[in-house]
Amino acid sequence: MNDREARYSAGIMILALVSLAAVVAIAWGEVAGQRLVGGAAVGVILLSYSFILLFLRKGGFTGV
Amino acid sequence: MYSRALARLLDWTLRLDVAINRVYPEDFNPLYYTGGLANLFLTVLVLSGIFLFLYYIPSFNDAYISVQFITNTVPYGQIIRGIHRYAADGFMIAVLLHFFRNWFTDRFRFSRDEPWISGMMLLLFAGFLGVTGYVLVWDQRSQAIVAMTGHALGAVPWVGPWLETQWQGSAGISNLLLPRMLYLHVGPAVVLYILLWWHYVRIRHPKVWPPAVWTLFSLGLIFLLTGLVPAVSQPAARPETVPTTLAVDWLFLLPYVGLKVLSPLVLIALAVVITVYGLYIPYQLPETPAALGIRDSGIAQVIDANCTGCELCYFDCPYNAIVMTASPHPGVTKAAQARKLFAVVLESRCVECGICIGACPFEALELPRLLERDVQEKVVQACRS
Amino acid sequence: MPELARPRIVGFLCDFAVDASALTAPDGTMRDAPNVTLIKVPCSGFVRPAWLEFALRNGAQGAFVCGCPLGDCFNRLGNNLIGDRVTQLRRRFERQKIHPDRIAAIYFGLHDQEGFVGAVKAFSEHVAQLPGPVVPAPRAPGGGPARPAARPAGEAGAQPSAPEQPAPPADTQEGS
Chain W
6 MNDREARYSA GIMILALVSL AAVVAIAWGE VAGQRLVGGA AVGVILLSYS
56 FILLFLRKGG FTGV
Chain V
8 MYSRALARLL DWTLRLDVAI NRVYPEDFNP LYYTGGLANL FLTVLVLSGI
58 FLFLYYIPSF NDAYISVQFI TNTVPYGQII RGIHRYAADG FMIAVLLHFF
108 RNWFTDRFRF SRDEPWISGM MLLLFAGFLG VTGYVLVWDQ RSQAIVAMTG
158 HALGAVPWVG PWLETQWQGS AGISNLLLPR MLYLHVGPAV VLYILLWWHY
208 VRIRHPKVWP PAVWTLFSLG LIFLLTGLVP AVSQPAARPE TVPTTLAVDW
258 LFLLPYVGLK VLSPLVLIAL AVVITVYGLY IPYQLPETPA ALGIRDSGIA
308 QVIDANCTGC ELCYFDCPYN AIVMTASPHP GVTKAAQARK LFAVVLESRC
358 VECGICIGAC PFEALELPRL LERDVQEKVV QACRS
Chain G
85 MPELARPRIV GFLCDFAVDA SALTAPDGTM RDAPNVTLIK VPCSGFVRPA
135 WLEFALRNGA QGAFVCGCPL GDCFNRLGNN LIGDRVTQLR RRFERQKIHP
185 DRIAAIYFGL HDQEGFVGAV KAFSEHVAQL PGPVVPAPRA PGGGPARPAA
235 RPAGEAGAQP SAPEQPAPPA DTQEGS
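Residue numbers (this note's numbering), protein chains in the order written: chain W, 6 to 69; chain V, 8 to 392; chain G, 85 to 260.
In case anyone wonders, no lab produced these hints; they're calculated from the structure.
Backbone N, C-alpha and C fix where the C-beta goes; we use that ideal spot for every residue, glycine too.
Errors might be hidden in some of the hints.
Said to hold, decoys possible - If we take Cβ atoms under 10 Å as the criterion, some of the chain V residues that face chain W in the derived model are: (1) F111; (2) L228; (3) L235.
Between the sequences and the hints, there should be enough to build the whole structure, so can you do that?
Okay, here's the thing in structure tokens:
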């Protein structure tokens, strides 16, 4: 199962980086006055979090 | 023929589950939480709606401007407006999934008809809310909606003109229109919660929130859509001209597409027929379980002698069909003699699932046609073979 | 040491979970696993944990309940409730020295015959290699908790002339 864990961990890392990028996008959106970009970035973060939770469960890190 | 069609739909619905459960763990399957998803979107709608309500002005001259003000000037106004719009679509999708899933999986039979009826009312009110919401913006789409609805209502025999007046606030289009629309938007939103109370009355531990994965996903999708496809108004309404085109939101404005091909009276008749049929669904097939090929175990019975008033059945019944009353007299067994409370099964709510029998440690509940001793006999037989 | 290659297993299957009609012989045993007998119940939540114990005490080596997939119980809460009850029963079994793995709660939907048969076979194989008798041998009569010694003479209110009788352990004589 280590291969499965490895794959899902990689996925979680990527999603975490995407979330980080989205946080930067929010900050940029505020500064540049493009609040819609910030809104979309909030959406990206929440979507990434939902998939991180899914990957945590599928990778066996959390769960029943 | 209907029951065979329903059986096939049940089959497909559950096969869809198999496919979904390959991707998502079972307790994350969104189709198991359609009601919770609807509630999530409703909460978002109410919160964003309160925000919009703070700035909206229901008058011919100022409505469009106030909406533009929210969109362009109020900080985050465009985002909140977008969230309101996309949560409305999400709400409708979730409600329709909830409707179809509960229909196809038979979860409305016999004593489960009240959540179904209240659910139909919720569906109607939700649709109506969407329509009045689109009118409040008072752009050309709103104008078209008001005109088409008024025209359709006016075509109803006898009460047509009265209905049209109720819809518009006055006989013609006047300054009373938008306050009326605002009332017809906020009022039904409050009624939704009253209907939800009715919807939950026969349900214990209603699943009102989806699992975290889907809460995050839904909220994220709404925000993403808001950013990518911002909600904007159509060109402002101009009372002197009647618009001929309509930018359609298929989830709410489908009847107006229908008005292009059907006459108003036919459309209203169709709407009435569909609604009445929807309310009739729980009663359509023969009422007896035997006729449906379902087990008929009988309403759960409380064994007076054994009941100790421990409340375990009360807490476990999924349909709130058991209530605890003050014990009218002591029971027979030692534990039952000291009881203060006594369990009573409400026959109108019991679906004969037997969960209370599983909960009771004192053998104080039985299903009349599936007694504990029948089960024990079967176990003994199974152990002998 | 494995007791039986084919342990006797009793399974409770709810009406709305996996459709086992094609998997079962007319006498209730499973075609793929003839040592398993299925008993149909209206809902997995209908099953009293006492019945699982009853099965173990009447000749079965293992007992399980199968309900709808978690989250999709036809009666909303039944499978969650039986899951909780089986967990509680397993803990009670540990205290009573009955192996908790002799009971299980599993969840399979209408079309998941493969998964169901697989899980039942795995359960059966696992039960087959569990050690020891299913339930511990009953204690000899009167062999309950240590009998209290004869009442000490200096106890308040004791009459020296009262007959020295050990307090009868009446409660431990009752059935299990």
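Violated hints, by number in ascending order, as checked against the structure = Number 1 - this is the single hint that the structure violates.
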